[in-house]
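Undergrad: Chain order of the listed sequences is A and B. For the first sequence, position 273 matches number 288 in the working numbering, and the numbering has no gaps at all. For the second sequence, position 122 matches number 125 in the working numbering, and the numbering has no gaps at all.
Everything labelled a hint here was simulated from the structure, so no lab data went into it. In this text, a Cβ means the ideal position worked out from N, Cα and C, and glycines have one as well. Incorrect hints may have been included.
Partner residues aside, some chain A positions facing chain B, computed with beta carbon under 10 Å [unchecked claim]:
| id | residue |
| --- | --- |
| 1 | Arg24 |
| 2 | Asn26 |
| 3 | Cys47 |
| 4 | Arg57 |
| 5 | Val61 |
| 6 | Cys75 |
| 7 | Ile241 |
| 8 | Ser298 |
| 9 | Cys608 |
Calculated pairs, DSBU-like style, for lysine-lysine (alpha carbon to alpha carbon, straight line, at most 35 Å) [stated by the list, open to error]:
| id | chain 1 | residue 1 | chain 2 | residue 2 |
| --- | --- | --- | --- | --- |
| 10 | B | Lys165 | A | Lys310 |
| 11 | B | Lys14 | A | Lys216 |
| 12 | A | Lys667 | B | Lys165 |
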Amino acid sequence: MIDYSPMMRFNGTRRDHDLMVTTVCRECAVGCGLCAYVSEGRLIDVQGDEGNPVSEGRLCARGASFVRDLYHPERLAKPMDRTSLLDDFRELDSREEALDLLADRLKKIRDQQGPESLLIECHPAAGLDFYFAARRFAALWGTPYVYSPLDDPKSSLSTGVRNTPDSPCLSWTQSRCLFIIGADPAATHPVAFRWILKAQKNGTDIVVADTRFTKTMSKADFALRIRPDTANLLGMALMKAILEDELPAVEGIGDRFGDAEAWRNSFEGMSLEAAAEIIGLPSMIVKETARLLSKRGPVQVITGKPLAHLPAYGIWRTMATAMGWTGKPGGGWYPLDSGLPPLSSSTDVQAEGQPAIASAGQANAIVSMHDLLCDAATGRTDGPKAIICSGDCLGDLPLAGTPHDRPAGLRVYFGLRANKTSSLSHMVFPAQAWAERNGLFFSNDRAMLWGRKIVEPPEQASSGLDFWMGLAGRLGWEEQFPWKSDDGSANHEAFYEWLLGMSPLTKGCRPEALRTSSDCGEMVFWPFQGQPSTAAIPASLVSGSGTIFPTPAGTAENAPEEPDELYPLHIETPDPVSCAAVCVDSRLRNDRCLVQINPETAGALGIGTGDDVLVHEPRRITEARAWVTRMVPRWLVYLQGSSNEKRALVCKKGQSSQEALTILRELLS
Amino acid sequence: MTDRNSEKKPKNVLMVDPSLCIGCSSCQAACQMEHDLPACARTVNVLQLGPYEQGDDLIMSFLPITCFHCDRPACVAECPTGAMQKRDDGIVFSNLDLCIGCQTCAVACPYGVPVLNPEMGKIAKCDGCRDRVDLGLSPSCALKCPTGALSFGAAPRVIQDKRQRVALKIARALE
Numbered sequence: 016m017i018d019y020s021p022m023m024r025f026n027g028t029r030r031d032h033d034l035m036v037t038t039v040c041r042e043c044a045v046g047c048g049l050c051a052y053v054s055e056g057r058l059i060d061v062q063g064d065e066g067n068p069v070s071e072g073r074l075c076a077r078g079a080s081f082v083r084d085l086y087h088p089e090r091l092a093k094p095m096d097r098t099s100l101l102d103d104f105r106e107l108d109s110r111e112e113a114l115d116l117l118a119d120r121l122k123k124i125r126d127q128q129g130p131e132s133l134l135i136e137c138h139p140a141a142g143l144d145f146y147f148a149a150r151r152f153a154a155l156w157g158t159p160y161v162y163s164p165l166d167d168p169k170s171s172l173s174t175g176v177r178n179t180p181d182s183p184c185l186s187w188t189q190s191r192c193l194f195i196i197g198a199d200p201a202a203t204h205p206v207a208f209r210w211i212l213k214a215q216k217n218g219t220d221i222v223v224a225d226t227r228f229t230k231t232m233s234k235a236d237f238a239l240r241i242r243p244d245t246a247n248l249l250g251m252a253l254m255k256a257i258l259e260d261e262l263p264a265v266e267g268i269g270d271r272f273g274d275a276e277a278w279r280n281s282f283e284g285m286s287l288e289a290a291a292e293i294i295g296l297p298s299m300i301v302k303e304t305a306r307l308l309s310k311r312g313p314v315q316v317i318t319g320k321p322l323a324h325l326p327a328y329g330i331w332r333t334m335a336t337a338m339g340w341t342g343k344p345g346g347g348w349y350p351l352d353s354g355l356p357p358l359s360s361s362t363d364v365q366a367e368g369q370p371a372i373a374s375a376g377q378a379n380a381i382v383s384m385h386d387l388l389c390d391a392a393t394g395r396t397d398g399p400k401a402i403i404c405s406g407d408c409l410g411d412l413p414l415a416g417t418p419h420d421r422p423a424g425l426r427v428y429f430g431l432r433a434n435k436t437s438s439l440s441h442m443v444f445p446a447q448a449w450a451e452r453n454g455l456f457f458s459n460d461r462a463m464l465w466g467r468k469i470v471e472p473p474e475q476a477s478s479g480l481d482f483w484m485g486l487a488g489r490l491g492w493e494e495q496f497p498w499k500s501d502d503g504s505a506n507h508e509a510f511y512e513w514l515l516g517m518s519p520l521t522k523g524c525r526p527e528a529l530r531t532s533s534d535c536g537e538m539v540f541w542p543f544q545g546q547p548s549t550a551a552i553p554a555s556l557v558s559g560s561g562t563i564f565p566t567p568a569g570t571a572e573n574a575p576e577e578p579d580e581l582y583p584l585h586i587e588t589p590d591p592v593s594c595a596a597v598c599v600d601s602r603l604r605n606d607r608c609l610v611q612i613n614p615e616t617a618g619a620l621g622i623g624t625g626d627d628v629l630v631h632e633p634r635r636i637t638e639a640r641a642w643v644t645r646m647v648p649r650w651l652v653y654l655q656g657s658s659n660e661k662r663a664l665v666c667k668k669g670q671s672s673q674e675a676l677t678i679l680r681e682l683l684s
Numbered sequence: 004m005t006d007r008n009s010e011k012k013p014k015n016v017l018m019v020d021p022s023l024c025i026g027c028s029s030c031q032a033a034c035q036m037e038h039d040l041p042a043c044a045r046t047v048n049v050l051q052l053g054p055y056e057q058g059d060d061l062i063m064s065f066l067p068i069t070c071f072h073c074d075r076p077a078c079v080a081e082c083p084t085g086a087m088q089k090r091d092d093g094i095v096f097s098n099l100d101l102c103i104g105c106q107t108c109a110v111a112c113p114y115g116v117p118v119l120n121p122e123m124g125k126i127a128k129c130d131g132c133r134d135r136v137d138l139g140l141s142p143s144c145a146l147k148c149p150t151g152a153l154s155f156g157a158a159p160r161v162i163q164d165k166r167q168r169v170a171l172k173i174a175r176a177l178e
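Okay, chain A solo, but in the shape it has when bound:
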């Protein structure tokens, strides 16, 4: 064999600095190691940490350029307030004054509309402390409406282990086949994707199934282009094909499930041909893929977060277990962006008979939350009247750009920079960036890491925990939020120590121990078993998979889709968790919102790359710039933004929507 040693890399900074902070990047869930260089309190350079086993000194575009957000000219400096959306903002002198005002307004709304009038949206960028403190606050307040794209609607506290990765991404190199479904890690998690390329170099087959021809698919050995929302049905069809052909991998299935026979029987009534038609693949291709997966085990199944919101999500855990991949090096299931343990910050304060927080156990939590937001923001129903949000959720709603004033409503934005949502809010609170606060971080790999603060935050910026603690204090819930430092600010270490103690899966792990272990280059995984591990595959990660309840056939039945008369095209957008990562390209290029259109569709409509187009959806119209590409099939457009719709109509600016509709009907018929 050829003796190959990679070329030497020489890391470090050329800039004069007086402090170097080793920490973890919290832009996405990969958990890359960072060396941050600080001079006179200002972050001046960022390099990758060569000692981090996952990133090995590499950084993606987001990790390299987050500094821009810290010192951006549009960064919010002071809390602001206005009584009407038609007024200009008034800067407030202090955070305390702003919180007093907010507490008074919230109390008034609760007195008039009841506790369920409050809706809270938690963006991942606001941090875990904002999310968990918000859930605790909501439980005390009595509202079930807390939304976060991190939530897994199919998971609950008792089954949380099932829907999380089996082993770290480092183990992908030991796999014989990586099956990636509905995910584009090359765009969303580039540093983790290098482990996929490393595996491919070792002879691992890369099979990718997705609606679009993605960056990940461009590196695949086998590509399957499927119809929208049929990814889980594809898993079901593959399982059917494997069982039908009696492929050797399922021989020991009786030992892997409690009631394997009943589960097997559930597939008898399923038609592979009908499923394949809905998925948009010939049944022969489904059978060939099933044979490949069966032959090339152990397979690592990597799924995207949007699949968690489709029926029969459990099929991937079922498949990995049924085929005997779980527990083998390089085999099992790796759902992306699902490394968060099932922690609860509200069970001890949840009153009896009070509605539980909405996200847990609700089949369509994301959809219902979006609808609630629409209703609340437009004042259409008796739904929530007060919205506290930390992302740009209002900017994506149909009312964006139309500053209606709803006297009964209250919209509060907590964030780093001004955006559409802040322009549609009554109150604005400047937030700390992750680099400005200490915090616990859960990586995709189920590693628990301690993220160190790099620089001090601006004076008026607060952390999520500070915000909710301040608000809770004004409502008489100081005892339920006892994590105060001597200087009155939030003690994040004490908060996370309490939080970790709330779950048997993380109990006993202390932030102090996490800090020490990161300094030694060791990783601590959950379920916590007392010791950090330097091993690539901690055995603890697969515990809990033996007691799964297999997902039977029939739970992913999709009806063949009916053509939509008014909106003939399908529309897809990045999922909210990875949206920022996908859009980093356009952010770097200062481009406006891009929409991908197939050349055939674009040609029929007279659209060329760079043209201004209008994307009509049932509840909004978005202006975008066209990118004519075969990355999308002719029946699909991909909008680099956020949307909750499934159907759209696209026309060139100046072209009538009726004309475009006629052309598209003819093209797609």
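Knowing the structure of chain A, use the given hints to seat chain B on it.
TA: Below, chain B without anything else, positioned relative to chain A:
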């Protein structure tokens, strides 16, 4: 030319392996952050080629394009103020103290590499991370590239690396 530039330096090479490039633009971001450039000043362009139809399949690849540090650079020859210079180690760079932002270099360059930094009114171009290289550090783009598509080093070492990679590929195919 400064004394530092007149010293004999070993020639380094930046190798691009398009088979590993995933079009993530990390090299572009790394360069912009290293040189305090605005988002619009693209000193590294990541080209997306395709997807093109090939039979029933589609193919797509990515290619990061930056300064080639030509042996006989047209930008250096045409620069009216002498701002654009070539060092002994091959690095072509623009001395911003002398640059007047006339963009003659951008016109002269056969690859259109130099771009105007509108915030400074001067040219932005890959300078091979000369300050980092002088300190013995790797250029920012090669260091941060998530997949290792960019590698940097002395020319003989880079060529050896490329040969080894190809040999490994053949050996694995024959396994």
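Undergrad: Next step is simple, just say for each hint if it's right about the structure.
TA: The hints, checked one at a time:
1. Arg24: holds (5 Å)
2. Asn26: Nearest chain B Cβ about 6 Å off; hint holds.
3. Cys47: Holds - the Cβ of A:Cys47 comes within 10 Å of chain B, reaching about 9 Å at its closest.
4. Arg57: For A:Arg57, the interface hint is violated, since the closest Cβ of chain B sits about 13 Å away, which is over 10 Å.
5. Val61: holds (7 Å)
6. Cys75: holds (5 Å)
7. Ile241: Check failed: Cβ of A:Ile241 comes no nearer than 14 Å to chain B, outside 10 Å.
8. Ser298: Violated: closest Cβ of chain B sits about 17 Å from A:Ser298, beyond 10 Å.
9. Cys608: Violated: closest Cβ of chain B sits about 16 Å from A:Cys608, beyond 10 Å.
10. B:Lys165 <-> A:Lys310: holds (33 Å)
11. B:Lys14 <-> A:Lys216: holds (30 Å)
12. A:Lys667 <-> B:Lys165: Given pair A:Lys667, B:Lys165 is violated - Cα atoms ~47 Å apart, limit 35 Å.
In this structure, the hints that do not hold are numbers 4, 7, 8, 9 and 12, in rising order.
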